[in-house]
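As given, the protein sequences belong to chains R and W, one line each in that order. Heads up, the first sequence is in the working numbering, so the first residue is 20 and it goes up one at a time. Heads up, the second sequence is in the working numbering, so the first residue is 3 and it goes up one at a time.
Some hints here could point you the wrong way.
Result set (BS3-like, lysine-lysine): computed pairs, CA atoms no more than 30 Å apart in a straight line [what the hints assert, rightly or not]:
{"#": "1", "chain 1": "R", "residue 1": "LYS104", "chain 2": "W", "residue 2": "LYS424"}
{"#": "2", "chain 1": "W", "residue 1": "LYS412", "chain 2": "W", "residue 2": "LYS380"}
{"#": "3", "chain 1": "R", "residue 1": "LYS104", "chain 2": "W", "residue 2": "LYS469"}
Here are the computed distance ranges between Cβ atoms for each label pair [as the list claims (entries may be wrong)]:
{"#": "4", "chain 1": "R", "residue 1": "SER201", "chain 2": "W", "residue 2": "ASP397", "range": "29 to 37 Å"}
{"#": "5", "chain 1": "W", "residue 1": "LYS469", "chain 2": "R", "residue 2": "ILE21", "range": "50 to 58 Å"}
{"#": "6", "chain 1": "W", "residue 1": "PHE404", "chain 2": "R", "residue 2": "PRO78", "range": "29 to 37 Å"}
If you are wondering where the hints come from, they were derived from the structure by calculation, not from laboratory data. Each residue gets a CB set at the ideal place from its N, CA and C atoms; glycine is no exception.
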Amino acid sequence: MIIKNAATILSVHNLVASIDGTQILKGFDITVKAGEIHAIMGPNGSGKSTFSKVLAGHPSYTVDGGTLEFKGQSLMDLEPDERAKLGVFLGFQYPVEVPGVTNGSFLRLAYNTVQGARGKDELDPLEFDDFIQSKLSLLGMDASFLERSLNDGFSGGEKKRNEILQMAILEPTLAILDETDSGLDIDALRVVANGVNTLHGDSDAVVLVTHYQRLLNYIEPDFIHVVDGGRVIKTGDKSLAHELESRGYEWVLDENRSRAA
Amino acid sequence: MSTAIDNIVNQPYKAGFHTEIETDSMARGLSEDVIRTISSKKNEPDWLLEFRLNAYRHWLTMTEPKWPNVRYPKIDFQDIIYYSAPKSKATKKSMDEVDPELLKTFEKLGIPMNERAALAGVAVDVVFDSVSVTTTYKEKLAEYGIIFCSFSEAVRDHPDLIKKYLGSVVPYTDNFYSALNSAVFTDGSFCYIPKGVKCPMDLSTYFRINTQDSGQFERTLIVAEEGSQVCYLEGCTAPQFDTNQLHAAVVELIAMDDADIKYSTVQNWYAGDENGVGGIFNFVTKRGLCKGKNSKISWTQVETGSAVTWKYPSCILLGDNSVGEFYSVALTNHMQQADTGTKMFHIGKNTRSRIISKGISAGKSNNSYRGLVKVSPKADGARNYSQCDSMLIGDLCGANTFPYIEVANKSATVEHEASTSKIGEEQLFYFLSRGIDSEEAVSMIINGFVRDVFMHLPMEFAVEATKLLGLKLEGSVG
Ligand SMILES: Nc1ncnc2c1ncn2[C@@H]1O[C@H](COP(=O)(O)OP(=O)(O)OP(=O)(O)O)[C@@H](O)[C@H]1O
Ligand SMILES: [Mg+2]
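Extracted from the complex, chain W is given alone in its bound form (with noise of 0.2 Å):
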């Protein structure tokens, strides 16, 4: 029964073609004359040149972390190419002037980047390697006041704002890789949502890794004013290859008095072969300020993808009654790892955050949920409820939780339950002995297993994502 489970969960992995066109790459290796050079490619205003010096010199002050739950080889920061873009005249104006070899590339992963044959209601953003390569519905945006373009464009059009909010949330000193992002960045998305304004379209930006040895480090800038609403997707492929490719993003949202910010994610990056050779090491920060009263921001993922994952998309709950959520479903095969949870950080009074998260491990992948509950003194009447949930599929793999508590005011209520549970031989026969075969029964406990995640996603991603855990567990049984 064993080798039934293995082929459903061995599934080939269907992004992983490479596009042949010609790229305006850079040289591998990092340097402030790198930085320079992309500043310049960029044109970008001196204040932000410096801002990218400043990051690359306290990183140089920095040490990998070495506290999460993966192993990997050492990542030679020389060997990586930092800038690659598809080579282009100019900005594209409209979708007819976008290489054809590009628009068949997100045509063949389901990214329609035609307006008229696009999904209903939903703007895209797409990333090509180190740049944007197009944006859809920005006019019918901008009658709302709603800007929504390339991080590059919105340093040359909104510098005002960027220049406000940029590493407001996440400081290029947070980290080890939030400060090599902001020292090599190259695009991303942005968007404002102006006051009082409830975004007509859901919001997406679909990334894509295509060069080989290129790291990948986009910026996404997220700001809504008082009293508005926006919901934002994100999904991101690469192609397969035998060598492994960095992605560094940083992730900054910014809801003020009233606001809400609802933030999924569908990773998909290339997990590796079976052996674990190749993969996307996906170290990404991810965090939410709720700055402004009853303000909410929520994080949903489905992860899937990439060999290494590090990532907990968090929220400051600084404004009183503002509201964290973190929904999270990861899914870890072969030589997969994935340390990945959230942090709520309660400051304001009567804050309250909620954190579900649902691990999925099958193979001999390693899958750990780490999250931190941090409570201030001033953080009267905050509340927490956590459920963390594993399921193991086989005998190789493994999970682990790593909750952290820490209450500093005694009226804070913080909850927190988990699980692991395993789809077992008795679970599977007792399918069986109902007609029910094994990949059913498979795709049916994890889809259920899931169930308390996937509500929380947009429809139609929610129709992908579940797409997309069929296929990473369907398959012959043997």
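Only chain R is shown next, with the shape it has when bound in the complex (with noise of 0.2 Å):
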């Protein structure tokens, strides 16, 4: 939802950020503010997740210039932990698995790690447990999932349903969500997006990395950004995902070409 005069809670210009070497993102730009849902779409290979790790702080990652503001802050010279102490949250387009760590104890460690350096209590294992309760039916999970190794041998809806579940205890200021949408059953998608739809609120803010107009028809977003060759080339209203899903990408790649030109 578009507030006035809301606060901006992020603000990129120009940044460009390298890998091994290589640019991907060449002048990426995008202004993000409180209660707002933004969507950013773009063929593969276009820099979106790259974009969202940078984001994140991931450090395989050399930032080159440009600025990376959350909330008035730069978040440049800041570890992840540090970022996501600070309210930024990362929703993996690939979570990673760890045999061994039980997704419970990793929960709870996040949890007590973040929301304590908001001043919160930490929570024991038994308090912890009451508080996730109401988050797990929130996403349809079993309590079973939190005795399992973290993402271990969870299929591919599993992951990203435990993805949101993060999202849920550890209340970031602004989530992004790499395709989330991306291998979630009709009913699994429709539990997220209502999901994520709760967890929002006026004070956060929400971007999603998707390929799909139907994620968009259950949460509805305020902005829709097209991003090529490391670069946002066109940012439109909702109505955009829909012309993109009926004409597909070429044309907005040529009406940027053209104007290039």
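Join these two chains into a complex; the hints should help.
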């Protein structure tokens, strides 16, 4: 929801970033305000996940230029864990599997670290168990998921639900969800979308990276950005998603090429 | 990020101090005379001297094994001190007579030698260099008919038992280091659990090498009579020297009908520095004989120290329905090398064995699992399950798995699973992005990795072992 005079949560200008000497982001711009939902779309390999990871502070990427500010504070010199404590959350396109570490103990440590940094009391295992029940039911997850190893052997859809479960307990100010919809069946998509809608409020923002209009039927975006070649080449409202769904990306890329020429 | 991992696994060794204490040490070198001197210092009976000399003569005909996947400089066996003991007038009757320097040493290591201060319910035999300096709770155990004492005392007080069982599971002809140990062993622990007795407390031996250039050659012998049960723990440390020291122990376990022996080790010998200078060569032969039907021997080891480790705690499953287990965590860092695993010999019918091995390699270390599961023609219905997992921390270390399976009975079931994983950047980033720092992430991942093994350690030992892994892995994040 677009709110008048809302505070700026994320402000990215002319961001240039590379990995192993290859420049991937080539002047990325985006501004996100409190209460808003943004969708980032674009062809495979255009740099959407790269942007998400640079935002979260992935150490493999080097930022070569531009600005990256969260609530007016530059994120450039902050480690990923510091960014997380401030309220930045990345829902991974491919969550890693960690055999042996139980999901429940991981979630509790994450909760205690992030929420503890914000002044909340630490929860012991029993208290955490109580706390997490409502979050589990919000996402239609069985409590047995807490006993299992973190993402280990989870189906594609279960991994994505587990990402949103983490979002639910960490209560980020800015959540960037990288293809959370891929791998979800139709019912799961509805459940996860409903979860995100429930978690989203006036004082936080959500950025969805997606390939499909389908997700946007459930989570209504305020802005849609098309990314190509490591930069945002077009921004529009939600009608743009429908247009992309029916016409593909080519016309936007053409439009952009002729503008550049 | 890899420097972060480096810092996490680069921890100073906290047991590396040396105790200044007057010792009675023999000159370097090995000969029949040296063996005679050791034997006479210990007032041994002739049959034992004979055993030593036979072992020595056999050893002279043997060559060092070359098959382990480890590299180390040639050991000069004439440059080792074969006997070194703290000077003392007589054997200690009580703790109050023990040299205060020794008490302090063990206090610093967290090993209580004082029964009043002792861990509730654990009896300890303490071996310092070549000799046992004290054994706690002896009287209490004696009420149950349990013998728990140093090997030297056992030779003196229970010669028949020693004569009957010494070398019965690991003959001196077994291998190069068991022959050497049989020739020069100086002390160790003996326990005997009589028929039907469930040992009321855990028994443990703590080994400390103190003297530079001395070797430690101890023997442990545990006999569990019919229907008895015992839980035995072993710990070890050594000071930090820039020369290598040899530790070549022999452990023999014998379980009669329905007897149950659980043997746990936390090995933290000095591992050498980050360039591989110094550290213990840990060449150990451990074997258990499940002699009786329904007997069970379970080995649990946490190997974190030593420059080079070469050890395969094994089970001979002779009795029908007997069970052998091997649970292992081996952590190597810097230039450490470990070649460790187990051997399960299925001889009796319906014998079962279970192997869970977790290797963790960091730095430039090399960690190999080597295991043999052998099913003899008569072992109808034998079953084995093996799981060998390796975890790599960083890019410069190595892990290998060498499973050997020999099955000569069609009704046997042998299952082997192996995996290799890596604490990589992506895993760490996942934790970081949830606010968890690298140090906590690594420790959580490692603790998760070793969980299946640690749950088999006695509670207090598990706490110790977790701390020890933490120590080896914690540190400032760069
Ligand atoms: N280490 C690397 N060296 C060079 N190029 C890389 C490296 N890692 C990723 N890339 C490239 O960066 C580009 C952007 O990748 P990214 O994952 O951000 O794309 P994406 O927009 O998320 O694609 P998708 O829709 O398929 O998820 C791709 O062309 C990819 O091949
Ligand atoms: Mg992507």
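Open item on the list: Please list, smallest to largest, the hint numbers that this structure does not respect.
Closed with: none
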